[in-house]
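Residues per chain, in single letters:
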Amino acid sequence: MNLNQLINMLDLSKVDHDEIKSIGERRGFMKKAGQFSLKAALATLPIALTMMPRIAKAQGSTTIDVLNFALLLEYLERDFYKMGLDSSALIPSGDRQVFETIYQHEVAHVEFLRAALGSAQDEVPEFDFTAGGMFPNGFTDYPTFLTLSQAFEDTGVRAYKGQAGNLQPADEVLTAALQIHSVEARHASMVRRLRGQRANLEIKGWITNAESNNAPQAVYEGEDATTHAGADLNSIVSITDISAAARTEAFDEPLTKEQVVEIVNPFIVKRA
Amino acid sequence: MAPNTNQPAEKDFSPLKRRAFLKYSGFGIAASAAALAGCEDGLLGPNNNPNSKPADNEIDLGSGDIGILNYAYALEQLEAGFYTMVVAADGFSGRYSEEEQEILQDLKAHEIIHREFLKTALGTNAIPSLTPNFDSIDFTSRDAVLATAKVFEDLGVAAYNGAGKLLVDANLLLVAGKIVSVEARHASAIRDVINPLSMDFAGDDVIDENGFDQALMPPEVLAAAQPYVKEKLNGSNLPIE
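Sequence order for the protein chains is A and B.
Residue numbers for the first sequence follow the working numbering, beginning at 70 and rising by one.
Residue numbers for the second sequence follow the working numbering, beginning at 1118 and rising by one.
None of these hints come from the bench; they were simulated from the model.
Here the structure is a predicted model, which is why all the values come from computation and not from measurement.
The reader is advised that the hints may include incorrect statements.
[As the list claims (entries may be wrong)] Counterexamples of contact, computed for chain A against chain B with all Cβ distances above 10 Å: (1) Leu159; (2) Val193; (3) Glu253.
[What the hints assert, rightly or not] Covered by chain A, per the in silico footprint, the following chain B stretches (three or more residues, Cβ under 8 Å): (4) 1196–1203; (5) 1244–1251; (6) 1340–1352.
[Unchecked claim] Some chain A residues judged to face chain B by a derived CB distance under 8 Å, without partners named: (7) Phe196; (8) Ala200; (9) Gly202; (10) Met203; (11) His250; (12) Arg262; (13) Glu322.
Think of the CB as a built atom: it goes at the ideal place given N, C-alpha and C, for glycine as much as any other residue.
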């Protein structure tokens, strides 16, 4: 965890300095009296870990909601790759490094989001990767594992993209989300190409039209859009000689939170 | 784990970067805005393009959202020009595997689409076409071409990631988001072609300990791009936060 990065994400003007000072003193993290610098105080780890939750709360409910939504998706991915890597006969040795790399990133994303949210974080969900029996062989059949991996990564890319606008008031959080977003896209491209090679399917690193390649269709709904910020690629004369398929590949599309929830809900165990 | 071919400390985009960065002054001449009668305004309203009256060999990217779009347009021009040369080079089909050829053809198409989209969105606010300087690139060398593609794609990702917070219009932020993930898909594919099935598709030369990709601000990106463009790119009027 890079503490400075975390601190820079915060809008310190929204934090009650006196409250934090008094808590810091009470818990013995800070000496009474003297100059108080919130940023300097936060740079010491115990204070940061104690204060972060209430500071995260000060960022506003929209930011918290987006971060919790992101955390849910990261938990899903992290646990999925953990189970995949722990299933001894599943991933061929030559492909393991790809999934170990992806897993490490998802672990880091979970840790980052949990630290940023502190006590504002939702509880750890429980997953059913068979999705109620829809994918019974996800951890015994490599092609099924690849299909799910592709679906989760492409969903992740679309989910972060859909939330960017909600994070616009919080510059540093927006940048952090964009930095995760492009990592998910790197993963997605890798997994798609790997799946194409292993399953002998025509799958590129980028999404052609709204083609699902036998992954859940909802993940690719609307990916064939050609109008962006009001400009339709199909009416740009200078690119009429470029294929219609390429025009859909060149732009990835967002999903709303509701669309994403519908996609991932079958994989989440409902608590009684 | 196979050794990572890139040292984590080496985040420079090119050997020229540091030198170019030092040369990058950040102070350019902002020519007065001049409207071109009868031209389309694009999506961003009426023309206030400082380059409407070309004064010298310097390109002022402008300010505000328009400046950021011109900044993206400059980078996409660079990428599109690069892949056009790659695909047109003698011996293209003999030099690359079938998948590599398909990737490079797709990247050419995508970057041209990005370029033409941004040009359309900018309308009369668009900077002129840039003159690429690819003298340093041996287009008959597979290694050189793939290494340069990696630089350009990673740079594109870092540039859009850094520019997101600089945009005011939420619609333009969404468009930047739609493009950046495609650039990241490109970067991943090129990196995997160079070092297949390694961790390099998202290697720790670009991904940090939080699992974050790079985010670079315009001065650093322009310094890295400058060696590949004949005109002087002036980003001194771009937003900084």
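Consistency of the hints with the structure:
1. With a closest Cβ-Cβ approach of about 16 Å to chain B, A/Leu159 is found to remain outside the 10 Å limit, as its non-interface label requires.
2. Distance check for A/Val193 against chain B: the nearest CB is about 18 Å away, which clears 10 Å, and the non-interface claim stands.
3. With a least beta-carbon separation of about 8 Å from chain B, A/Glu253 fails to lie farther than 10 Å from that chain, contradicting its non-interface assignment.
4. Chain A is given as covering the region 1196–1203 of chain B, and this is violated because 0 residues of the stretch bring a CB closer than 8 Å to a CB of that chain, at least three being needed.
5. Given as covered by chain A, the region 1244–1251 of chain B fails the check, having 0 residues with a CB less than 8 Å from a CB of that chain where 3 are the minimum.
6. Requiring three or more residues with a Cβ within less than 8 Å of a Cβ of chain A, the coverage given for the region 1340–1352 of chain B is violated, as only 0 such residues are present.
7. Contact between A/Phe196 and chain B, as hinted, is not supported at the beta carbon level, the nearest pair being about 20 Å apart and thus beyond 8 Å.
8. Against a cut-off of 8 Å between C-beta atoms, the interface hint on A/Ala200 is violated, since the closest Cβ of chain B lies about 25 Å away.
9. Evaluation of the A/Gly202 hint against chain B yields a violated restraint, the C-beta minimum of about 32 Å exceeding 8 Å.
10. Proximity of A/Met203 to chain B is violated relative to the hint, the smallest CB-CB distance being about 27 Å (cut-off 8 Å).
11. With a least beta-carbon distance of about 6 Å to chain B, the hint placing A/His250 at the interface is held under the 8 Å criterion.
12. Against a cut-off of 8 Å between C-beta atoms, the interface hint on A/Arg262 holds, since the closest Cβ of chain B lies about 6 Å away.
13. The beta carbon of A/Glu322 comes within 7 Å of a beta carbon in chain B, closer than 8 Å, and the hint placing it at the interface holds.
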